[in-house]
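Quick mapping for you: the protein sequence lines, in order, are chains D and H.
Residue 344 in my numbering sits at position 344 of the first sequence, with consecutive numbering throughout.
Residue 561 in my numbering sits at position 139 of the second sequence, with consecutive numbering throughout.
It should be emphasised that the hints constitute simulated quantities derived from the structure, not laboratory data.
Please read all numbers here as calculations on a predicted model, not as lab measurements.
Each residue gets a CB set at the ideal place from its N, CA and C atoms; glycine is no exception.
There could be a bad hint or two in this list.
Okay, the calculated beta carbon distance ranges per label pair [as the list claims (entries may be wrong)]:
hint	chain 1	residue 1	chain 2	residue 2	range
1	H	GLN853	D	ASP367	44 to 54 angstroms
2	D	GLY31	H	PHE503	40 to 50 angstroms
3	D	ARG377	H	GLN813	29 to 39 angstroms
4	D	ASN339	H	PRO597	43 to 53 angstroms
5	H	GLN813	D	SER337	23 to 33 angstroms
6	H	ASN701	D	LYS324	27 to 37 angstroms
7	H	GLU700	D	LYS147	50 to 60 angstroms
8	H	ILE862	D	LYS324	21 to 31 angstroms
9	H	ASP505	D	GLU40	23 to 33 angstroms
10	D	ASP338	H	LEU479	39 to 49 angstroms
11	H	PHE855	D	SER337	29 to 39 angstroms
12	D	ASP3	H	LYS489	21 to 31 angstroms
13	D	ASP367	H	ASP502	55 to 65 angstroms
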Amino acid sequence: MGDKQTFLKQFDSIPAVFPVQGTARAHIHNGLDFPTTRDEYWKYTRVNAILDKDYIDNSWMPSSINEYSIPAMDSIDIVFVNGGFNKELSSNASESGLVFGSVLNQDGENKNLILEHLGKYADSEKHAFSAFNTSYFKDGAFIRIKKGCEIKRPLRILNLSGGVNQANNLRNLFLIEENAQVQIIAHNIGAELQGGFVNVVTEVSVGDGSNLEYYLIENDGDESSLINTTHVHQAGTSTAKVVTLTQSGRLVRNNLNFDINGQGCESNMYGIYFTSGKQHLDNHTYADHRSPNCESNELYKGVMTERSTGVFNGKIMVRQEAQKTNAFQSNQNILLSDNASINTKPELEIYADDVKCSHGCTIGQLDDEALFYLRSRGLNKLEASKLLIQAFAGDVLEEISIPALQEYVAEFIHKKFEDLDA
Amino acid sequence: MAYTETELAEELKGKKYEFGFVSKFESDKAPKGINEDIIRLISSKKNEPEWLLEYRLKAFSTWQQMKEPTWAHVHYPPVDFQDIHYYSAPKTKKKVDSLDEVDPELLSMYDKLGISVEEQKRLSGVAVDVVVDSVSVETSFKEKLGELGIIFCSFSEAVHNHPELVKKYLGSVVPMNDNFYAALNAAVFTDGSFCYIPKGVRCPMELSTYFRINEANTGQFERTLVIADAGSYVSYLEGCTAPIRDENQLHAAVVELVAMDDAEIKYSTVQNWYPGDENGKGGIYNFVTKRGLCEGRNSKISWTQVETGSAITWKYPSCILKGDNSTGEFYSVAVTNHYQQADTGTKMMHIGKNTKSTIISKGISAGKSNNSYRGLVKVLPKAANARNFSQCDSLLIGSDCGAHTFPYIEAQNSSAKVEHEATTSKIGEDQIFYCLQRGIDEEKAVSLIVNGYAKEVLNKLPMEFAIEAQKLLTISLEGSVG
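Please construct the entire structure, taking both the sequences and the accompanying hints into account.
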């Protein structure tokens with residue numbers, strides 16, 4: 001592996017705006033090392049390719065964002081290009097109760113909130129990539145939904161990366177106050193990105209009685225690496241749902257952490273992935289039940305083809321005080337090639353007795369009998385397989401409650417399958 | 423020199439006075455600590471051939487370069503490896519003249535297990551002539567085994583009488599550099615069992631270490647090697663269902679099984695070593711490496727374990743499914759109470775085509791204990807049509823205990839079908855209520871429910887064992903409710 005200091009040195013010219021950035025720099029420059037496959041939580045994922053590269057800051061700029069839109073979606077957009085906020089391309093948000101802008105451009109009350117919450121949930125002491133992000137992020141989205149407000153249109157954070165060997169650190173902060181409601185889409189696109197590295201950290205605080213839906217669409221291109229870390233801190237009787245769709249990426253690592261802190265919380269995690277080529281996709285989730293009477297649901301489904309590899313590690317932690325927890329976790333995989341592989345590890349760590357927890361995972365392939373049934377009714381093999389894959393993905397698709405987005409994901413699966421067959 | 427079965431039978435007959443052999447050795451206990459000299463001493467005391475000494479020394483130098491594993495979900499003060507007698511004669515219990523002198527707590531436990539008075543005397547080391555009886559029973563069994571060509575003897579005997587078999591298979595399934603404790607065992611193992619079932623022979627009885635004198639005292643570093651040649655079958659029972667108060671703190675045993683074409687090995691363990699008292703003081707550290715190799719086509723290895731003892735358990739009986747169509751099974755009940763900690767599970771390595779494995783693990787935690795299942799199911803690229811089903815259930819009794827599941831599943835073949843499911847819950851209040859309503863008190867109700875919960879695994883044990891194991895479950899969980 002390349003030298004850590006040489007790697008970090010490339011970013012030292014980025015100014016440290018917030019005090020947490022200085023602290024994180026001290027951590028990452030001194031004791032904290034990037035993970036290797038000897039670390040239990042990085043056992044199947046090698047990050048050498050990310051660390052060995054020389055990065056340059058490209059001046060790439062798109063003229064419009066039309067080609068990066070989701071068809072039929074009426075969203076309020078905020079645009080970041082290579083980690084920096086772009087006001088011209090972003091929409092104007094005029095909804096009452098909504099603050100939707102860049103982390104750097106806030107002042108007054110909002111700035112104080114940022115100072116209070118930034119770095120509170122993401123751990124920069126133990127996790128090197130989070131510390132790296134905290135140290136060198138240029139900007140990120142700041143979303144605040146004020147008490148009791150409901151935002152009708154989905155908010156979209158468009159994180160565009162372009163150019164050769166571009167490295168981006170984006171840092172988002174969402175504060176969903178009491179009894180508020182919102183849908184957020186984080187849309188990552190590597191447009192003309194070659195050999196880039198995108199490192200996103202998102203911190204979310206969900207207040208009592210509020211409802212958050214958060215969708216991650218990851219499409220950074222087949223030559224790029226993405227590390228996407230999300231921390232959701234839930235209070236009170238809130239409901240949060242995170243759905244992750246991975247479309248492309250040479251190396252993708254998703255870290256999704258739920259901190260379940262209030263009584264009566266509901267936490268939902270869904271994921272869908274369809275890997276091909278030499279893709280390596282690693283989904284890590286962690287549901288930390290710290291309060292009684294909460295419920296968490298998790299369902300990750302994926303198809304692995306060609307030479308791709310998939311990793312799933314889901315952990316449910318139920319602490320001693322978290323009695324009456326209901327936690328469910330499921331990971332289902334279809335392997336369509338002998339060169340593809342899947343490593344899955346669903347974990348339970350339970351210290352309370354009055355709980356109902358279960359997890360399951362399966363690895364299999366398309367059912368021959370089902371294929372035969374469909375083919376005997378006149379469908380060709382491709383159509384029959386496509387239908388089965390759609391049915392397989394169906395229960396995750398159903399969880400996407402924005403119709404345009406659901407359609408977009410269904411279309412992606414459809415198309416991916418056809419491309420593979422061709 | 424060729425060794426005949428008659429000679430073996432003769433020799434086995436002569437084994438009945440081994441108790442004398444023990445007291446003779448007690449005086450020449452080696453000093454504490456481990457080094458090359460100690461290993462040479464062990465080897466020379468046992469009059470071992472040169473190749474075995476070399477094997478031990480090599481293992482020792484490997485061990486020195488290894489680090490104690492820390493990944494298991496258990497916590498305990500570090501073991502001082504220089505503070506152990508690596509060569510002491512197998513420990514004998516103080517001989518007493520009648521049961522009146524035996525710890526009454528131990529006796530009441532025997533009663534609950536339904537062990538006969540004679541048996542109780544034997545277990546508590548009361549010097550009675552009943553031993554002679556059991557030896558004669560033993561000898562007649564051994565004659566029968568000898569007729570079939572089955573070799574069943576202590577490891578040391580096997581080294582002298584069947585060096586070619588030992589040399590061929592020792593370390594073939596668990597290599598000396600496999601892990602820290604396996605390396606330690608390879609360097610200093612003192613004795614153990616050796617079993618060879620010839621081609622096409624179906625062993626007519628359950629082979630049990632119980633029948634081999636001194637077995638309960640073989641000590642800390644036991645080495646077991648079971649080889650089932652083509653088309654043979656053997657069911658092997660290990661352990662003792664009585665709560666033996668062993669004084670050794672660290673146990674690092676190695677068990678190797680080899681099954682050739684169409685052979686089947688069924689290996690059952692009931693482990694009830696001293697778990698420490700209700701404050702977590704004392705107790706055995708049980709760090710065992712058990713692995714079976716399904717070498718041949720259509721071979722089958724089945725592990726069944728009931729683990730109720732030991733303060734710390736670190737044990738993963740595994741199957742390497744190398745032969746095509748081979749089958750691996752793992753059935754486990756692990757109970758922890760008070761401050762016990764268990765980290766146990768299995769590994770199923772699918773290498774051959776059409777290999778199948780089943781894992782049924784039932785964990786029960788009570789008191790302040792922690793019980794973890796840790797398992798690996800790995801399907802290698804060539805293992806077409808591999809099939810695995812795993813089920814890991816945990817039952818929690820009381821709010822201070824923990825139950826954990828760490829399954830690793832790695833599939834590299836597109837025709838593999840792997841399923842894993844796990845649940846964690848407590849005994850339902852409605853279930854307890856139902857029992858109470860019918861006049862069954864709470865303690866009995868818990869025992870009833872727990873036994874029902876573990877039934878799937880207990881059913882896999884040979885009958886006599888199953889009954890005792892059921893009683894053990896009840897005893898282990900005593901006082902955990904109410």
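Unmet hints by their number, sorted upward, for this structure: Hints 1, 2, 4 and 11 not satisfied by this model.
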